[in-house]
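Novice: Below are the chains, spelled out letter by letter.
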Amino acid sequence: MWPVLLSSRKFEKGPVLVLRPGVDRQRPQKTETGGGTPSQAVLGLPRGLYGEVLMERFRVLVRKLSYGACFIGMLFALPLMLLTVADVAGRIFFDKPIPGSFELSEYMLSVLILMGAAYTQHVKGHVGVDFLTKRFSSKLQDLCGVITTLACLFIVSILVWQGYLDAMAETAVSDQLRIPQRPFKMLVALGGALLFMEFAVDLWEKLERLMGRRP
Amino acid sequence: MSPILVGLLGSLLLVALLLLGMPIAFMMMFVGFLGIWHLTSLDAALPVVAKTLYGVAAHYPYTIIPLFILMGGFASTAGITRELYETFDKWFRRLPGGLGVATIAACAGFAAVSGSSVAAAAAMGNVALPEMRRFGYAPRLATGVVAAGGTLSFLIPPSLGFVVYGMLTEQSIGKLLISGIFPGIILAGAYGLVVVFWAKLKPKAAPASPQKVSFREKILALRGIWETFVVFFLVMGGIYLGFINPTEAGASGAFALFVIVLLKRRLTWKAAVAALLEAARISIMVLFLVAGATVFSYFLALSTIPAAVSGWIAGLDVSRYVVLAIIILIYFFLGCFLDAVSMMVLTLPVIFPVILALNFHPIWFGVVAILMMEAGLITPPVGLNVYTLAGVAKDVPMTEIFKGAVPFLVAIVLTAVTLTAFPKIVLYLPSLMGR
Numbered sequence: 001m002w003p004v005l006l007s008s009r010k011f012e013k014g015p016v017l018v019l020r021p022g023v024d025r026q027r028p029q030k031t032e033t034g035g036g037t038p039s040q041a042v043l044g045l046p047r048g049l050y051g052e053v054l055m056e057r058f059r060v061l062v063r064k065l066s067y068g069a070c071f072i073g074m075l076f077a078l079p080l081m082l083l084t085v086a087d088v089a090g091r092i093f094f095d096k097p098i099p100g101s102f103e104l105s106e107y108m109l110s111v112l113i114l115m116g117a118a119y120t121q122h123v124k125g126h127v128g129v130d131f132l133t134k135r136f137s138s139k140l141q142d143l144c145g146v147i148t149t150l151a152c153l154f155i156v157s158i159l160v161w162q163g164y165l166d167a168m169a170e171t172a173v174s175d176q177l178r179i180p181q182r183p184f185k186m187l188v189a190l191g192g193a194l195l196f197m198e199f200a201v202d203l204w205e206k207l208e209r210l211m212g213r214r215p
Numbered sequence: 001m002s003p004i005l006v007g008l009l010g011s012l013l014l015v016a017l018l019l020l021g022m023p024i025a026f027m028m029m030f031v032g033f034l035g036i037w038h039l040t041s042l043d044a045a046l047p048v049v050a051k052t053l054y055g056v057a058a059h060y061p062y063t064i065i066p067l068f069i070l071m072g073g074f075a076s077t078a079g080i081t082r083e084l085y086e087t088f089d090k091w092f093r094r095l096p097g098g099l100g101v102a103t104i105a106a107c108a109g110f111a112a113v114s115g116s117s118v119a120a121a122a123a124m125g126n127v128a129l130p131e132m133r134r135f136g137y138a139p140r141l142a143t144g145v146v147a148a149g150g151t152l153s154f155l156i157p158p159s160l161g162f163v164v165y166g167m168l169t170e171q172s173i174g175k176l177l178i179s180g181i182f183p184g185i186i187l188a189g190a191y192g193l194v195v196v197f198w199a200k201l202k203p204k205a206a207p208a209s210p211q212k213v214s215f216r217e218k219i220l221a222l223r224g225i226w227e228t229f230v231v232f233f234l235v236m237g238g239i240y241l242g243f244i245n246p247t248e249a250g251a252s253g254a255f256a257l258f259v260i261v262l263l264k265r266r267l268t269w270k271a272a273v274a275a276l277l278e279a280a281r282i283s284i285m286v287l288f289l290v291a292g293a294t295v296f297s298y299f300l301a302l303s304t305i306p307a308a309v310s311g312w313i314a315g316l317d318v319s320r321y322v323v324l325a326i327i328i329l330i331y332f333f334l335g336c337f338l339d340a341v342s343m344m345v346l347t348l349p350v351i352f353p354v355i356l357a358l359n360f361h362p363i364w365f366g367v368v369a370i371l372m373m374e375a376g377l378i379t380p381p382v383g384l385n386v387y388t389l390a391g392v393a394k395d396v397p398m399t400e401i402f403k404g405a406v407p408f409l410v411a412i413v414l415t416a417v418t419l420t421a422f423p424k425i426v427l428y429l430p431s432l433m434g435r
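Sequences listed follow chains D and V, in order.
Counting from 1, position 196 in the first sequence corresponds to residue 196 in this note's numbering; the numbering is continuous, with no gaps.
Counting from 1, position 245 in the second sequence corresponds to residue 245 in this note's numbering; the numbering is continuous, with no gaps.
The set of hints was computed from the structure by calculation and includes no laboratory data.
This one's a predicted model, so the numbers in the text were calculated from it and none came from an experiment.
Glycine residues also receive a C-beta, built at the ideal position from the N, C-alpha and C atoms.
A couple of the hints might just be wrong.
Claimed, not checked - With the C-beta cut set under 8 Å, the calculated list includes, among others, these residues of chain D facing chain V:
1. M74
2. Y107
3. L109
4. L112
5. G116
6. T120
7. V129
8. D130
9. T148
Unchecked claim - Anything over 12 Å on all C-beta distances counts as not near chain V; from chain D, calculated:
10. Y50
11. L54
12. Y67
13. R91
14. V111
15. K124
16. S137
17. K139
18. I158
19. K185
20. M186
21. W204
22. L207
23. L210
24. M211
25. R213
Said to hold, decoys possible - Straight line, CA to CA, 20 Å or less: simulated DMTMM-like cross-link-like pairs of lysine to aspartate or glutamate:
26. V/K218 with V/D339
27. V/K218 with V/E86
28. V/K51 with D/E170
29. V/K264 with V/E131
30. V/K51 with D/D95
31. D/K64 with D/E52
32. D/K64 with D/E205
33. V/K51 with D/D130
34. D/K139 with D/E205
35. V/K394 with V/E131
36. V/K202 with V/E400
37. V/K51 with D/E52
38. V/K264 with V/E400
39. D/K124 with D/E205
40. D/K96 with D/D175
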């Protein structure tokens, strides 16, 4: 309802929305009709709308965090490529493979995958089918969405909880370079937490639409 | 409740949530978790999802996925699609439907350096469609050719489809990739024939281009495909000869294409971010699906359904080819609604044991299954390539593209029949590999 006042312009113009405009659930042009800084906005609002304002802030924050985390994760694809090529070249031409490249590759892949899970959900990259639901009325669609999002929240919360416990119990280090596994296992909980927040925002939006408070 | 009943109820819940539109990866984790909880205990079920996800996300062989997708991203950035198209246009222009044949050949070439078929359809749509339209090709033919051509990426290595199949069935990814080469060439040839026949039967749909191309021009045009050849032989040659494993091949291919992009001075910040983001997004989608499938497979294994089904089917008094035909029909049907990777993760836990019980070669079945999943990319109502193309060719209605793709479906089915009759086509190259 008040996204206008709170969405940070810098973020709205950021690459998230530029790259996949068709998929993002909120397009910048729909929101660019107002002005003012967030703090002014909060101060100028009627009392009952604080909750929505906070939610809107939360939404923007989650979006920024998801994209930021995915951005960091995706950068690991480059060293992954370079390290593997260097290892191959070293092995074939000089008979000297790079020590630990195997375990480093595994760690880098884990960062790439776990950090980007939330952003992938944001752009609806985790595939599902909609050939049936898209024939439903929009209310019924939102109802289905609420049910499935609750199921997602349930399983992701278990993922976060157990991921944290698993990481805390982990004392192993990698074979050659002795890099501890714990920080990488912790990414399951961290990436999962971001994912949880994405689903929470999703759920909120669907509930609001279901209650007729959002177009 | 017997484990089998629990398994059946779990599968029903899975289908219900699928129809409600739940993301498939989380759906499989969710149902798998509930099932394991019911069949063992809560304490046993709780850690499964987190442990499986980390196990999948930090598994060395899976590093191949982002690398294969990076190859496609860098190949597009390098402008390889246009160069391939221009080369094959010179070679095939004089054939009936020559531009269409050139499009198919260029798609096959792009497939040889890229693992993702939607990327191929989009890239080729931007290059080949305007040309075909300029020469007065019927929209139905022009879009059908591009949509079908894009599917070749799924069969011609490097292909994401084989990687996922190999992961789920524990088959050698290297052998699977190599086994896709001949079937890929056959399918591309069959697509080419479809275009030629179409142009012969309906000359108005594909007007002949009058310009002659001299032999010298043809030879000079080969300059446009050297990068594709180098990268393909580096990647597949390396795997075939056993110098490098598939992951290393993916890294080498992506690196070679990256160098080509740099040499051509085409590297921009925007293109690099787009390629990396695409690689991350698709890898995450695929690996979450694999993690979901792994959790769900634990549950299915506990329910003993896969063993029961394969035992039952193996005991049936029918030819194994009847069962195969039914499985292929199921894939054809599912392909109308599901994307290929989802289809694999949802079906293989049950279907693969059946295939083994019927004594079909797992690698051969991989190729046939991938072929049927390619068909799913162009069958209505949900055909990913057609959707992509509808975004590129905005003036052509989607139904028209689906109709244009129908003759190519026939080519896919005929290719599947050929591969079933002559499994050697698939198995010859992998049988020569050392390991």
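Novice: Confirm or reject each hint.
Specialist: So, going through the hints one by one against the coordinates:
1. Evaluation of the D/M74 hint against chain V yields a held restraint, the C-beta minimum of about 4 Å falling below 8 Å.
2. Taken as an interface hint, D/Y107 checks out: its beta carbon lies about 7 Å from the nearest beta carbon of chain V, inside 8 Å.
3. Residue-level restraint check for D/L109 holds (minimum Cβ-Cβ distance to chain V is 5 Å; threshold 8 Å).
4. Interface restraint check for D/L112: the shortest CB-CB distance to chain V comes to about 6 Å, inside 8 Å, so the restraint holds.
5. With 8 Å as the threshold, the beta carbon of D/G116 comes within range of chain V, its nearest partner Cβ sitting at about 5 Å, so the hint holds.
6. Look at D/T120: its Cβ gets to within about 4 Å of chain V, closer than 8 Å, so that hint holds up.
7. For D/V129, the suggested interface contact is upheld, since its CB lies about 6 Å from the closest CB of chain V, less than 8 Å.
8. With a least beta-carbon distance of about 5 Å to chain V, the hint placing D/D130 at the interface is held under the 8 Å criterion.
9. Proximity of D/T148 to chain V holds as hinted, the smallest CB-CB distance being about 4 Å (cut-off 8 Å).
10. The Cβ of D/Y50 lies farther than 12 Å from every Cβ of chain V, with a closest approach of about 32 Å, so its non-interface assignment holds.
11. Every C-beta of chain V lies more than 12 Å from that of D/L54, the closest at about 27 Å, which supports listing it as non-interface.
12. For D/Y67, the shortest C-beta to C-beta distance to chain V comes to about 9 Å, within the 12 Å cut-off, and the non-interface label is violated.
13. Non-interface status of D/R91 relative to chain V is broken: a Cβ of that chain comes within 12 Å, the nearest being about 9 Å off.
14. The beta carbon of D/V111 is not kept farther than 12 Å from every beta carbon of chain V, the shortest such distance being approximately 9 Å.
15. Its closest Cβ contact with chain V, about 8 Å, brings D/K124 to no more than 12 Å, contrary to its assignment away from the interface.
16. No Cβ of chain V comes within 12 Å of the Cβ of D/S137; the nearest lies about 14 Å off, and the non-interface call holds.
17. Against chain V, the non-interface label of D/K139 holds: every CB pair exceeds 12 Å, the least being about 14 Å.
18. For D/I158, the requirement that its beta carbon stay farther than 12 Å from each beta carbon of chain V is not met, with the minimum near 6 Å.
19. Distance check for D/K185 against chain V: the nearest CB is about 6 Å away, which does not clear 12 Å, and the non-interface claim fails.
20. Distance check for D/M186 against chain V: the nearest CB is about 10 Å away, which does not clear 12 Å, and the non-interface claim fails.
21. Non-interface status of D/W204 relative to chain V is upheld: no Cβ of that chain comes within 12 Å, the nearest being about 17 Å off.
22. Every beta carbon of chain V lies more than 12 Å from that of D/L207, the smallest distance being close to 16 Å; the non-interface claim holds.
23. The beta carbon of D/L210 is kept farther than 12 Å from every beta carbon of chain V, the shortest such distance being approximately 15 Å.
24. Listed as a non-interface residue, D/M211 keeps its Cβ farther than 12 Å from every Cβ of chain V; the least gap is roughly 20 Å.
25. The Cβ of D/R213 sits about 22 Å from the closest Cβ of chain V, beyond the 12 Å cut-off, so the non-interface label holds.
26. Taken as a hint, the V/K218 and V/D339 pair is broken in the structure, with Cα atoms around 39 Å apart against an allowance of 20 Å.
27. With a CA separation close to 10 Å, the supplied pair V/K218 and V/E86 stays within the 20 Å bound.
28. Only pairs whose Cα atoms come within 20 Å are accepted, and V/K51 paired with D/E170 is accepted, the gap being roughly 11 Å.
29. Pair hint V/K264 plus V/E131 does not hold up; C-alpha atoms about 24 Å apart against a cutoff of 20 Å.
30. The hinted pair formed by V/K51 and D/D95 fails the criterion: a straight-line CA distance of about 36 Å is larger than 20 Å.
31. A hinted pair counts as satisfied when its Cα atoms are at most 20 Å apart, and D/K64 with D/E52 qualifies at roughly 18 Å.
32. About 17 Å separates the Cα atoms of D/K64 and D/E205, which keeps this hinted pair within 20 Å; it holds.
33. This hinted pair does not check out: V/K51 and D/D130 have alpha carbons roughly 30 Å apart, beyond 20 Å.
34. Distance restraint check for D/K139 and D/E205: the Cα-Cα separation of roughly 13 Å lies within the 20 Å cut-off, and the hinted pair is therefore satisfied.
35. Between V/K394 and V/E131 the alpha-carbon distance is near 15 Å, which keeps this suggested pair within the 20 Å criterion.
36. Between V/K202 and V/E400 the alpha-carbon distance is near 16 Å, which keeps this suggested pair within the 20 Å criterion.
37. For the given pair, V/K51 sits about 37 Å from D/E52 by alpha-carbon distance, which is inconsistent with the 20 Å threshold.
38. Distance check on the hinted pair: V/K264 and V/E400 sit about 38 Å apart at the alpha-carbon level, beyond 20 Å; violated.
39. For the given pair, D/K124 sits about 15 Å from D/E205 by alpha-carbon distance, which is consistent with the 20 Å threshold.
40. For the given pair, D/K96 sits about 18 Å from D/D175 by alpha-carbon distance, which is consistent with the 20 Å threshold.
When held up to the earlier numbered hints, the structure conflicts with 12, 13, 14, 15, 18, 19, 20, 26, 29, 30, 33, 37, 38 and fits the remainder.
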